[in-house]
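A.B. asks: What follows is the residue order along each chain.
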Amino acid sequence: DAKTTQPPSMDCAEGRAANLPCNHSTISGNEYVYWYRQIHSQGPQYIIHGLKNNETNEMASLIITEDRKSSTLILPHATLRDTAVYYCIVTSKGGTSYGKLTFGQGTILTVHP
Amino acid sequence: ETGVTQTPRHLVMGMTNKKSLKCEQHLGHNAMYWYKQSAKKPLELMFVYSLEERVENNSVPSRFSPECPNSSHLFLHLHTLQPEDSALYLCASSQDFGVETQYFGPGTRLLVL
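Protein chains in written order, with my numbering: chain A, 1 to 113; chain B, 1 to 113.
Treat each hint with caution, since some may be false.
Taking beta-carbon pairs under 8 Å as the criterion, some of the chain B residues facing chain A (in silico) [claimed, not checked]: (1) Leu90; (2) Thr101; (3) Gly107.
Here are the simulated DSSO-like cross-link-like pairs (lysine-lysine), alpha carbons at most 27 Å apart as the crow flies [stated by the list, open to error]: (4) Lys100/A <-> Lys40/B; (5) Lys40/B <-> Lys3/A; (6) Lys100/A <-> Lys22/B; (7) Lys3/A <-> Lys41/B; (8) Lys22/B <-> Lys40/B; (9) Lys69/A <-> Lys41/B.
Just so you know, these hints were derived from the structure itself, not from any lab.
Model, not experiment: these values are computed from the prediction.
Here a beta-carbon is modelled for each residue, glycine too, at the ideal position from N, C-alpha and C.
All chains should be modelled from the sequences, with the hints used to inform the complete structure.
C.D. replies: This is the structure:
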């Protein structure tokens, strides 16, 4: 799997958009970008995933650059309940990483009032 | 989210005890997973079951013994654990093995004395 790099921490004001970056410069053509988050003392929660097109769901938007070497998760109107560790994961549909999620250290997002 | 439940939520055990962690998923999924999350370390995949058959054992010591009697239930039997096994144990499920959209339970916080 391609390695991902995320900033260790970010802050965001409540009601503002939170933009969480992720670098995955070694991503290959069949690898997807997944985002999960983990609120303190809870299990991780799936947010969104994409291959090359931008994606949006009720939780967030995922913007993937044209060269696919980086992506940004956007929480359009952050709330205090969005304070969590956000994980960017790159995984393929085949090979030794088939069916596996490899979690890194993630980005600690703190939403302030 | 109550799609994946885990019991107990907290467990304290001595090194000579035998205990079991239980996971149940109500989502009709065919794959189930055990992860371990130690303090300040990323989540580590331990075991994967697909249609009640173990498809992954990620070099986990034999003092951890998984059991999957049916596609809705997953157990982790613990015996002669060490203090360094203290961690948050997370269960997850996905529609099928190879699908990276996984749904996690709240975890069992284990303390080995």
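A.B. asks: Broken hints, numbered, in rising order?
C.D. replies: Violated hints: none; all satisfied.
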